[in-house]
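Colleague: These protein sequences, in sequence, are chains A and B. The first sequence begins at 1 in our numbering and counts up one residue at a time. The second sequence begins at 1 in our numbering and counts up one residue at a time.
It is worth saying that the hints were derived from the structure and are not from the lab. Watch out, some of these pointers could steer you wrong.
[Said to hold, decoys possible] What follows is a list of derived Cβ distance ranges for each label pair:
1. Ala240(A) x Glu430(B): 33 to 43 Å
2. Val385(B) x Gly23(A): 34 to 44 Å
3. Lys423(B) x Asn125(A): 29 to 39 Å
4. Leu124(B) x Lys20(A): 46 to 56 Å
[Claimed, not checked] Here chain B is said to cover these stretches of chain A; the calculated rule only asks that three of the stretch's residues, wherever they fall, bring their Cβ under 8 Å from a Cβ of chain B:
5. 22-32
6. 79-92
7. 189-196
8. 203-214
By construction, the Cβ of each residue, glycine as well, lies at the ideal position given by its N, Cα and C atoms.
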Amino acid sequence: MKILVGYKRVVDYNVRIQVKPDGSGVVTEGVKLSANPFDDIALEEALRLREKGVAEEVVIVGIGPADLTAHLRNGLAMGANRAIHVTTAEAVQPLTAARVFLKLVEKEQPGLVILGKQAIDDDANQTGQMLAALWDRPQATFASKVEIADGKVTVTREIDAGLETIEADLPAVITTDLRLNEPRFIKLPDIMKAKSKPIDTIEFGSLGVEAGDHLKTTHYAAPPKRSRGVMVKDAAELVATLKQKGLL
Amino acid sequence: MTERETMEYDVVVVGAGPAGLSFAIRLKQLQPETTVCVIEKASTVGAQILSGAVIEPAPLDALLPGWRDNPPPICVPAGEDEFWLLSKTGGRKLPVPPGMNNHGNFIVSLGAMCAWLAPQAEALGVDVFPGFAAADNIYNEDGSVAGVRIGDMGVARDGTHKSGYTQGIDIKAKVTVLAEGARGSLTKQLIKRFGLDRDADPQGYSIGIKELWQVPAGRVTPGKIVHSFGWPADTSTYGGSFLYHLDGDRIALGYVSGLDYRDPQYKPWEAFQQWKNHPHVKPLLEGGNILSAGARAIVTGGYQSLPKVEMPGAILIGDTAGLLNVPKIKGTHQAIRSGMLAAEHLAANGLQAAGFDAALRASPAMAELKQVRNIKPGFKKGLWVGMANAAWETLTRGASPWTLKNKPDWCSLEKIGEYEAPKRDYVTRELPPRDRLAGVYFAATEHDEDQPVHLHVADTNICIERCSIEYDNPCTRFCPASVYEIVEDAMPDGSRGKRLQINAANCVHCKTCDIKDPYEIITWVTPEGGSGPNYQNL
């Protein structure tokens, strides 16, 4: 079985996000970019399925500009067999991403597609669900445990009330939650090996996918600053201040 | 246990700063077939680089002749220089000392510049590995340096292996190039092992604390460079500020305190924050935002403290050797120069370290240090003697027949009650950050909490039984990130007692504790690769 894994590049989770002064977006210049953490979990799960003998090949997919190659190399160093780089200079919204994946699914015929439940930049949480609908295959979202046997996948899902276990026919779409696994560390020799692994480059325009924004972002703003606190001497002054503000 | 994996290169470089990257680029320019890798503990190149930084471009012109057509992302030509002696409420503008005349120089973010250099090294075939910490030196049977051992990943706080445990590999090379920056942790071991400082004075350091601000439009004059001394430092503490106007309504500013300070109650971070509230500075910043902040030790021992920079199988370059020019407060041009010189030496000598020490000492980098060798030590006698001495040394271009001695920073502290504490004429601060914890937030520092503490204190009983009495635990004050705390706790016998708490996850890798602790019991080692601050454009 072949597993297709979405591998998006986002602003690193350790970076303090800064909104551009004109509100047109967030600053990405000089900012560390790395794999969407849920996509690292997706890749780790695919690698574990391969190591268990359930899958033979793990293919990662990235959609983005030319310099995305270095990011895809990291996924290859983690252990993916090969990568597909869909090149576009434009930002890609969830529906467009799902349509791209559908084209790649038709081409690659994977037994399973594993995506992160959401990307930490736009937090959209849509691509996996949209892909399942377009592909007309089962979806198992927010997975915290995945088992595959006899052409079926059993997925434990994290839901508000607790855990839900579902069974679906393959091929299917799975989206990963935080507790599914802990991604492995990359080893130096594997970075070297990754340099010779193949990356297929496909131009976005050649896929015949309808582009264009379905959502329009009007502006970005930082959360309002907390105003300065007031120091009070004792409980009596605290009570007096609260009363004065009409809070007591 | 399985045998440790090994990778072999002709040359392994520790540290992707200006020295290490310039070295790698130059070596590949000269000998493309030589295999070179650069190991960097930060998760990405530049994320743990912190500098002013005004740089002299000549060495960069020599390394990358076309660089001006493709400059690093932050690169503002130096404009007007100002030099001030500050009082609490005002100041006097002084003539700019020759070393601080920046005409023809550039204000850069050294972090952004390194992130710009790394791909250029990679394009020449250098393997740059960010996110991997060189944790130890490894040696050949004959005692020469054989390379470095990468730190293990996935070790729990108690030393046990977590599920993702990954053993670090050994990188073996014909020659190891240490380019760790000031007070490198591997360099420190090598200096001791090979007695490299036998014929040198002890090394000296300062701590630089820096913030990058986004300020309201209209306040910034891109290229303007302002240095000051005087308030808030007392006359027996070596301290001064820098304030550089960048483009895009950004200002880089910081404060440098000599780590030879004597008052154990001195707080370098507080001195920086005080200076920001000076009437010359505060109006520039009010209403702005901090973009990034951090701290780093600076090497200031200069000419007389330079250790031998070669040993069998390894060499030292840049600030880990100690090449910063103190009166210029610049080390980047020296780092690039020494990196290039090292590459040229190794290329011409079949990758043999022998002879590099002599080559460096005969080079312009060393001549530059010799000329200014007496300026910083002169300030040990206080600000006014230091100023007079600096004027003399500058006028004579360092022709004095004497060389002033350096003493190690750890022994400069006075004991509580045995000195007259200087009066600190401080103000009530109004600009953020409110305290060190609020400040460290802007360093975006990140360490997995479940890993061994990377600040080794050899004997914590000393902290409670001696240091608290003799020096009132200065680690709780000199650390810019509040890593060290003395807390009161229930002891095993049920009584209340004090103990040292190390908040290692806050560490910004500045190395000040390793330098200044008065008992020399703190050792800074590399945490798990990729841990530590994530600076943006510092």
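Colleague: Work down the list of hints and note, for each, if the structure agrees.
Modeller: Each hint tested on the structure:
1. Ala240(A) x Glu430(B): 33 to 43 Å: At roughly 25 Å between Cβ atoms, Glu430(B) and Ala240(A) fall outside 33 to 43 Å, so the hint is violated.
2. Val385(B) x Gly23(A): 34 to 44 Å: About 54 Å separates the Cβ atoms of Val385(B) and Gly23(A), which means 34 to 44 Å is violated.
3. Lys423(B) x Asn125(A): 29 to 39 Å: With a Cβ separation near 59 Å, Lys423(B) and Asn125(A) fall outside 29 to 39 Å, so the hint is violated.
4. Leu124(B) x Lys20(A): 46 to 56 Å: For Lys20(A) against Leu124(B), whose Cβ atoms are near 34 Å apart, the range 46 to 56 Å is violated.
5. 22-32: Coverage by chain B holds here, the residue count being 4 at a Cβ distance below 8 Å.
6. 79-92: violated (count 0)
7. 189-196: Since three or more residues must qualify, the claim that chain B covers the segment 189-196 of chain A holds, with 3 doing so at under 8 Å.
8. 203-214: violated (count 0)
Consistency note: the structure conflicts with the earlier hints numbered 1, 2, 3, 4, 6 and 8.
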